[in-house]
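Throw the hints in and build the complete structure from the sequences for me.
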Amino acid sequence: MEKKEIRNSETENKIFEPLFNIKGIENMEVYEKHGGYLALKKAFKEKKSELLSEVKNANLRGRGGAGFPAGIKWGFMPEDPNIEKYLIVNADEGEPGTFKDKYIMSKIPHLLIEGMIITSYIVGIKTGYIYIRGEYENYARILEKAIEEAKKKRYLGKNILGKKHVFNIIVHRGAGAYICGEETALIESLEGKRAHPRLKPPFPANSGLYGKPTLINNVETIASIPSIINKGGFWFASLGTQKNGGTRLFGISGKVKNPGIYELPMGTNLKDIIYKYAGGIKDDKELKAVIPGGISSPVLTPEEIDISMDFDSLMKAGSMLGSGAIMVFDEDDSMVEVLRIMIDFYAHESCGQCAPCRYGTDVLKKMIYSVYNKEVNEEILDMIEETASGIIGKTICPFGDAVGMAVGTIIRKFKKEFFDYLRDKND
Amino acid sequence: MIKIKINDKEYSVKEGLTVLQAAEEVGIEIPHFCAHEYLKPAGLCRMCLVEIKGARKLQTSCTTPVKEGLEVWTESEAVVKAREEVLKLHFANHPIDCPECDQAGECSLQEYYDKYGFYDNPYIIKKEKREKDMELSDNLILDRERCILCLRCVRFTEEILGDKQLFVYERGNKSYISTYKGEKIISDYSGNIAEICPVGAITDKSFRFKIRSWFLEKRETICPLCSRGCNIYIETPKDKPYLDNYERLIRVKSGDNGEINKSFICDTGRYKLAEIEKRRNYKAIYEMQNVNWVRIKKILLEHIVTLDTIILSSWLSNEEIDLALSVFRDYLNIKNIFYWGRKDGEEDNILIRKDKNPNTTYLIEKKVKNIDSIDSRISNLLVFGDFFEDNPSVKEMIGENSFIMMISPYLPRDIGKINLLLPVTNFLEKGGNWTNYEGRGQTTKPVFNPKEEIKTEFEILQIIDSLLRKE
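Residue numbers (numbering that gives the first Met the number 0), protein chains in the order written: chain A, 0 to 426; chain B, 0 to 470.
For the record, the hints were derived by calculation from the structure and aren't laboratory data. Hints may contain errors.
[Unchecked claim] The calculated SDA-like cross-link candidates involving lysine to any residue, where the alpha carbons are at most 25 Å apart (straight line), are: (1) A/Lys-199 to A/Met-314; (2) B/Lys-173 to A/Ser-388; (3) B/Lys-128 to A/Arg-339; (4) B/Lys-56 to A/Met-382; (5) A/Lys-211 to B/Gly-15; (6) A/Lys-415 to B/Ile-124; (7) A/Lys-47 to A/Lys-163; (8) B/Lys-366 to B/Asp-307; (9) B/Lys-126 to A/Asn-372; (10) A/Lys-211 to B/Pro-64; (11) B/Lys-173 to A/Glu-187; (12) B/Lys-114 to B/Pro-94; (13) B/Lys-282 to B/Ser-401; (14) B/Lys-450 to B/Tyr-409; (15) A/Lys-412 to B/Pro-121.
[To be verified] Take a look, some chain A residues computed to stay more than 12 Å from chain B by CB distance: (16) Ser-48; (17) Gly-66; (18) Phe-67; (19) Trp-73; (20) Phe-98; (21) Tyr-120; (22) Glu-136; (23) Val-165; (24) Asn-205; (25) Ser-237; (26) Thr-240; (27) Ser-252; (28) Ile-306; (29) Ser-307; (30) Ser-333; (31) Asp-419.
All C-beta atoms, glycine included, are put in the ideal place defined by N, C-alpha and C.
Next up, the structure:
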């Protein structure tokens, strides 16, 4: 099954896809045979400032969902080598619909490790953590094995490649909370506390793990670094659109003919992704809705899918590129059911720290269930929409905004379906 | 001082404050639950959202520090709407059982409910049933339906006590406060947990179902039970001077003094202060007979000049000590002047001091010796306070045919050896200046009127003084 999920599209100018298909590349030997750790060796010969400007030139934007430019984020880290700093790779991958990072970690763990070592070298970090979701036990083991291999090769540890640089990686398993994907909650969890997002400022670049400056990036972001070092920042930038460099791993699920992971340039049209690459809607049914970047990104209607898949275009359309997890719904899918499943997830995963999200998800869940069970009339739909938008902008972390936008948009865009559902009492 | 604008009006405020504190200082109220003057900002309840110039979103005023030139709006359209939305959500599951809640009258939730007026639950949902009477400790009851998870209690045990006895369990709306394994909280400061709870979630057993808070009146004083001198409020029924069983001290609450006790007090101060109201004496007794003041003056005149030892009490105020010393040390030239106080006890590094008396520092400052240094036999003695029960050894140093005068608010258990006993007001019935362990002076006013016509120590010392000077 797994092999099928990785699709071959145009193979030129790809970062991950050529590697995905090489047998045994999770092993050091094979990885090195295919050019592995060359970027590391190249990077160690160059000046840190030049490497950083390569990353800046790449227009690499955070692949976790927020799309913050990586080069700028790295620039926030203090340069003083005497200050203790940490690198954290966010491998919590909890956003429903998302399954890209697990491919990187399971197929090409060394790409992530190489990216981490280069990052640590540029920013001046001695310790790196991979915070991996607890459910990814198999992938955590693959990573640990790869780390052992890298240690043997002296890519990790002291005096890496004869340089003074020291770097070690620790794999930390999460315990299953979605909120741990939020960077400050992740830090709290890593410190052994309840995963409650922190107040910002201070941002992690100033005060993160154990109060020290901390760089947190997504797996895909860090795994993109070796290619930037190998082929240059401008090359990477040229793959995408003006402000969105590189390619993106799009994970398509739902009612398409060929679901799976597709590596495509940033800015690929969503319509093309669905119809050209994923083969169109399953059984040639009618498309009803598309969630473009994990469930927290507001839903798009069929009329809205002629859109460039980059951070800015989707933002303009009132949605988000998020984690690049595209979920496709066809005419058979009930949006009432979608909303019910969605709110179940949010109510279950709200950390409960701040009031609007804690109460809001609960109230929404109860009201949406009353719709689902047809116990109420249409008036409640406005109340749900109002309550959802009432959460937006009032919470400590973006979770509240995500709930508010995702829930509100479904009701707003599919109101007629909800009306029909409530009117049809016999159904 | 820096300049900021609140609601388009310019104010000068202290640097280092949060917007919430700065607004409060200039008299602008921003509603809040989780923010507490002496706990770190948490930003949990989201009630204190305000509009700040240049900020994309509304900001919690409890976590935003003031800066030169900051512009804040606390009542703009966006703020009022946000406040309404957040408050509505706070009521979504709240039982609104004010009629039977002991916090009623001093509950933030109730206050805002009233002020911002949401009389109907806007959500068409069933409220959840939760545990209503969990024993958090021997004196605290937790009602989980009323809890709004502001975490003041959790943060208090973590930040002030440092022992983390309370935690949040579960997640999302299932979150609840509890102790580890449901064990009871053991702390010398547990009463504060009920006091800092902004709603009726944690209530104090000693106050539950006793009296409605609006029948009470707050009177400010300090706690005399140790040498810290924590600022406290005594709460007493407003209209009737006493409850039916003659109880006038209904509740002790902490006052607010950032330099002494922040806004916390220990459980001894909170629950044991009422003890000083017990075993009171209102009658003057001379040789086991009641006497009036005409007679007392004659007795005083006869015996004061023969006194060889004076034992002052560390429950005397600065003024009383000064006057006593001027009469006995300066005028009568008595050498043997000592002081006594309640025995030393436990101390900690939070509030509780070893010295269990309010004014020892001042006596030491005035070079009065402790009773431990009594080395000669005593024949004629004047002592302040119910002395002998705590100091039986001194009793043995009193010679035959001696004359003992005692000035005390309490009736001694053994009155046998006391020739003259004069009743006086207790700590709460007199005012004065007090010097705490670090030399800080504080002034109190009488909290209560004495039940019967009795004098203060100061008045008695004044009588003695004038008797002597007339002679």
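Going down the list of hints, with the structure as the test:
For a cut-off of 25 Å, the pair hint linking A/Lys-199 to A/Met-314 stands: about 22 Å separates their Cα positions. About 22 Å separates the Cα atoms of B/Lys-173 and A/Ser-388, which keeps this hinted pair within 25 Å; it holds. Pair hint B/Lys-128 plus A/Arg-339 holds up; C-alpha atoms about 23 Å apart against a cutoff of 25 Å. Among the hinted pairs, B/Lys-56 with A/Met-382 is consistent with the structure: their alpha-carbon atoms are about 23 Å apart, no more than 25 Å.
Of the supplied pair hints, the one linking A/Lys-211 and B/Gly-15 holds, its CA atoms being roughly 23 Å apart against a limit of 25 Å. Distance restraint check for A/Lys-415 and B/Ile-124: the Cα-Cα separation of roughly 23 Å lies within the 25 Å cut-off, and the hinted pair is therefore satisfied. Taken as a hint, the A/Lys-47 and A/Lys-163 pair is honoured in the structure, with Cα atoms around 14 Å apart against an allowance of 25 Å. A hinted pair counts as satisfied when its Cα atoms are at most 25 Å apart, and B/Lys-366 with B/Asp-307 qualifies at roughly 18 Å.
This hinted pair checks out: B/Lys-126 and A/Asn-372 have alpha carbons roughly 18 Å apart, not beyond 25 Å. Between the alpha carbons of A/Lys-211 and B/Pro-64 the distance comes to roughly 22 Å, so the proposed pair stays at or under 25 Å and holds. Simply put, B/Lys-173 and A/Glu-187 have alpha-carbon atoms about 20 Å apart, close enough for the 25 Å limit, and the pair holds. For the hint pairing B/Lys-114 with B/Pro-94, the CA-to-CA distance comes to about 18 Å; that is within 25 Å, so the pair holds.
Among the hinted pairs, B/Lys-282 with B/Ser-401 is consistent with the structure: their alpha-carbon atoms are about 22 Å apart, no more than 25 Å. The hinted pair formed by B/Lys-450 and B/Tyr-409 meets the criterion: a straight-line CA distance of about 13 Å does not exceed 25 Å. Restraint check for A/Lys-412 and B/Pro-121: satisfied, since their Cα atoms lie roughly 24 Å apart, inside the 25 Å limit. The claim that A/Ser-48 is not at the interface with chain B holds, since no C-beta of that chain comes within 12 Å of its own (minimum 32 Å).
No Cβ of chain B comes within 12 Å of the Cβ of A/Gly-66; the nearest lies about 16 Å off, and the non-interface call holds. The Cβ of A/Phe-67 lies farther than 12 Å from every Cβ of chain B, with a closest approach of about 15 Å, so its non-interface assignment holds. Listed as outside the interface, A/Trp-73 is consistent with that label: its C-beta sits roughly 24 Å from the nearest C-beta of chain B, beyond the 12 Å cut-off. With a cut of 12 Å on Cβ distances, A/Phe-98 stays outside the contact zone with chain B, its closest approach being about 24 Å.
Here A/Tyr-120 stays apart from chain B, with its beta-carbon at least about 35 Å from theirs, past the 12 Å limit. Even its closest Cβ contact with chain B, about 22 Å, leaves A/Glu-136 beyond 12 Å, as expected for a residue assigned away from the interface. Non-interface status of A/Val-165 relative to chain B is upheld: no Cβ of that chain comes within 12 Å, the nearest being about 35 Å off. Non-interface call for A/Asn-205 relative to chain B: holds, since the shortest CB-CB distance, roughly 15 Å, exceeds 12 Å.
Annotated as non-interface, A/Ser-237 keeps its C-beta farther than 12 Å from every C-beta of chain B; the closest such distance is 32 Å. Every Cβ of chain B is farther than 12 Å from the Cβ of A/Thr-240; the closest lies at roughly 25 Å, confirming the non-interface assignment. Chain B leaves A/Ser-252 outside its interface by the beta-carbon criterion, the shortest separation being 26 Å against a cut-off of 12 Å. Every CB of chain B lies more than 12 Å from the CB of A/Ile-306, the least distance being 24 Å, so the non-interface label holds.
With a closest Cβ-Cβ approach of about 25 Å to chain B, A/Ser-307 is found to remain outside the 12 Å limit, as its non-interface label requires. A/Ser-333, annotated as away from the interface, keeps every beta carbon of chain B farther than 12 Å; the closest lies near 22 Å. Listed as a non-interface residue, A/Asp-419 keeps its Cβ farther than 12 Å from every Cβ of chain B; the least gap is roughly 20 Å.
Going down the numbered hints, you'll see the structure goes against none, and every one checks out.
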